[in-house]
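Use these hints to put chain B onto chain A, whose structure you have.
2 protein chains.
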Amino acid sequence: MRKFAAEKTRHLLAHRKIFAAVSQHPAAPLYSSSSLQKLEPLFSTAVLLRRLSTVADKPNPSSESSSGSMASDYSCTPVKIDSINPKVLECEYAVRGEIVILAQKLQEELKVNPDAHPFDEILYCNIGNPQSLGQQPITFFREVLALCDHPAILDKSETQGLFSADSIERAFEILDQIPGRATGAYSHSQGIKGLRDTICKGIEARDGFPADPNDIFLTDGASPAVHMMMQLLIRSKDDGILCPIPQYPLYSASIALHGGTLVPYFLDEATGWGLEISELKKQLESAKAKGVSVRALVVINPGNPTGQVLAEDNQKQIVDFCRKEGIVLLADEVYQENIYVPDKQFHSFKKIARSMGYGEKDISLVSFQSVSKGYYGECGKRGGYMEVTGFSPEIREQIYKVASVNLCSNISGQILASLVMNPPKVGDESYESYSAEKDAILSSMARRAKSLEEALNDLEGVTCNRAEGAMYLFPRIQLPNKAIETAKAVNTTPDAFYARQLLNATGIVVVPGSGFGQVPGTWHFRCTILPQEDRIPAIISRLTEFHKRFMDEYRD
Amino acid sequence: MRKFAAEKTRHLLAHRKIFAAVSQHPAAPLYSSSSLQKLEPLFSTAVLLRRLSTVADKPNPSSESSSGSMASDYSCTPVKIDSINPKVLECEYAVRGEIVILAQKLQEELKVNPDAHPFDEILYCNIGNPQSLGQQPITFFREVLALCDHPAILDKSETQGLFSADSIERAFEILDQIPGRATGAYSHSQGIKGLRDTICKGIEARDGFPADPNDIFLTDGASPAVHMMMQLLIRSKDDGILCPIPQYPLYSASIALHGGTLVPYFLDEATGWGLEISELKKQLESAKAKGVSVRALVVINPGNPTGQVLAEDNQKQIVDFCRKEGIVLLADEVYQENIYVPDKQFHSFKKIARSMGYGEKDISLVSFQSVSKGYYGECGKRGGYMEVTGFSPEIREQIYKVASVNLCSNISGQILASLVMNPPKVGDESYESYSAEKDAILSSMARRAKSLEEALNDLEGVTCNRAEGAMYLFPRIQLPNKAIETAKAVNTTPDAFYARQLLNATGIVVVPGSGFGQVPGTWHFRCTILPQEDRIPAIISRLTEFHKRFMDEYRD
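Taken in sequence, the protein lines are chains A and B.
Everything in the first sequence is counted per UniProt numbering, starting at 1 for the first residue and increasing by one.
Everything in the second sequence is counted per UniProt numbering, starting at 1 for the first residue and increasing by one.
Wrong hints could be hidden among the right ones.
All copies of an identical chain are treated as equivalent in the list; a pair is satisfied when it fits inside any one copy or across any two copies.
[As the list claims (entries may be wrong)] Below, simulated DMTMM-like cross-link-like pairs (lysine to aspartate or glutamate); rule was C-alpha separation at most 25 Å, straight line:
1. LYS361 - GLU432
2. LYS361 - GLU325
3. LYS201 - GLU553
4. LYS482 - ASP313
5. LYS425 - ASP155
6. LYS288 - ASP556
7. LYS281 - ASP166
8. LYS193 - GLU121
9. LYS290 - GLU121
It is worth saying that the hints were derived from the structure and are not from the lab.
Keep in mind it's a predicted model, so treat the numbers as computed, not measured.
Looking at chain A on its own, in the form it has when it is part of the complex (with noise of 0.2 Å):
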């Protein structure tokens, strides 16, 4: 076994580097250019970090703190890089990544010396954070946040003059929701009762199909929950999920953590990265064929890194492809909110698989939401749960008690989840400012994914889908055999070299597509949505300006 870890572990060695030095950044995620390229139709995390070993060797833009000569002098310490848990080694999360490593290092430059650079300062358009970007958080919601973490205040008179009248009685609820008002104690391991409950609400609101608290497991943001389902289905490597390419890396690194094997399907690009059944059924095959059991399916809708939103039609397909096949449906919806186009809504796939007449015993199926993202976006609150359905009693007391080792999530997240699926009603004294703010984020999201999407498809070369939900856009570029071959001599990936180009151009920091897996041969880039709108022009006239210059350069 063991010698079996330490071969594993020579060849992920290689690829160690591409971590180095990450601990002295600030925790702007990307994704590390390489983790992605050149998938094929089915493949172990461990398989492709192998075949990234030449990748890795490039030498990392800021690993000078931290490298291997520094290293040595740790000789007496007993834990050494080739006698760790290889999987932590396989584990390719890649939220820092070179791109993001420049940006930093660049950002240090312009505080020592602001004319560095032929810009003022860095625009991450890396990551789906809103508030790190000036997106103010809403005010319902944070008035009741605070008067739960300090309820004596709640009776006095100056509260009034500074709080709703109506987040002073949702506190009041909320409290009394809570065993003995302790917004201090560990809570239920699902999380409190009466939060659950409102949530439960929320959702035969959305769904109109009803909903059971005992389904719901609050976690700190939607990762954990995402882990704790992988935990309770990955036995081995012979056991597989099926990812759509391109994915949300949380997905592939939770599987190499758990010990899985990635199962990719391919979302089309031609056809607004459509999910087609055929390709999931190819897949399966294939994955079945090469002794991979495929316990369960993955579809992020609206989609991330994609931006698409899933027709109804298609979601009922999906519905009976997993109950005909026998696996379990993860469904992560925590872009439902995030909706940009007329001609598309948000169903959750529990809607779409009751309206369907199908109930808790024919379908297994797990959705996932957060409170960080839709039209609220406050991350750093770590809320989010997951509703479960379609497991047997005795498989849910499995997922109670591996949710129950670390107690209970954050009290603040648990009620925020309930505040974001219970928002200010018509008649609430915040109902008005409510929808004010509420409005005017989502609508400018959508002006700015518009104006962002229009930008990109004047570019030459480049394609992009219509972001009709989530918060990114995808684009396609289309980079000339020279830019290619340029990006081969310095040892990097085409679409990686083009988003360091456009950094050290513009300042302007975006994810290159192999950080997400894209059909070999194509390159792309992630971008947010996210930055300030009266910041949009100059990116876009940035980008611009960039894009002709680097056409320029290297047109064939």
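Frame of chain A, contents of chain B only:
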């Protein structure tokens, strides 16, 4: 691989009923009565669980709602108990056990009929969750949290009437440390840099040695930090972690989930739960002889469930042992503020190591801290951190990568962690009220510990070591043979039998010692010191009366 897993699963299946029906019940953790009984010097959690099948076969008091008959209705759903990850089945966190499930059932019965039992209420002495039992939060901490949640009120005049001047000032300081003042944004994966700086100042003031903010990883409570280290260190069953017996079951659960082997070392009850180096050596050698590579030593100081505080000399021996043997020291120091006896003091292991002249390159040491314990007891906030020292930069990068997968811990918890490590100082407006609140809680805990300890030692056949620290007493009960035989006859462990009788007679909930591990043939229970002080006399008289009747009934 899968064949092996399936075989393993069959062994484990008999055990699954222990967790039946838990999802319907509120979260007050407890510990399975059977999990660590009949320990041998070296065991894996899997081996342990296999031995427990007879215990597991006993009927579960409230499992009707999720019995096998209902499970059969799920025959069309894909996930079966024998097709999930066997490590999940093996994991015995046992935060739910038969005693608490019974307590919850009795509580429901009391709601319907207040005369249903010979007591008015259930007294939960099973879990370190102070605010669930009426402990009030520290005002200053909650003021700052509320202001950071809703910074819009910071410069309003009413705010000065509601909040102390230094809480307003502190909130401004903290907001200034957060890029863009965005408390709703993802932070650096290790936590906000400014808050880590503050925590380091607190560590430096405590220890008298420097602390580096790059060594701090803020986490949602201490549990995720423990998992992170286990995930890093454990490659397979051949990797062992030395854990005290009795232990806090997070460790056995985490080792099981990550597929390692728990290598137990026994604390010596006769010397006040002394930690003997000779015992560590013996168990290490025994593990080695069985092909197990010991990666780390867990030390819980102050002890849980034992309440002992390690002497400085003993700590030095432990540091030398880890250094000499080349194993990582995992120091659970979450009870560092909970010391109740004048002859003992808390010394962090880092302070001990540095005072011995050992630096960063000499010993690998991780210290875990939490906002859930101490005098603040903010369990629901899920704040905590680990201080990671003595790991090479390349290993640190791997820890960072794992931390990054969940983006960051919740910001309120991060802020609270900075507050507990840097509370108000002499001269601050809040200092007097803060000190009064803190001292009242700690001195009351000390009195409660003393009262309960004396009362326990007054009971026939009961001996109880001092609660020098933490929040628990772990008395030993010399059970009469007749009680032991009766327990056997009803297919339960003698300590669980005692705990069940105690609950049925008095409403007091304690956790049988077998949930933590104990020397075979000895019997204990864990009882928190957390019920409010005015309840202690009633608890003592109920317990005393019960114990007398129990002994009268079963005395040999």
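Which hints from the list above does the structure break, by number from lowest to highest? Checked against the structure, the hints that fail are numbers 1, 3, 4, 6, 7 and 9, while the rest are satisfied.
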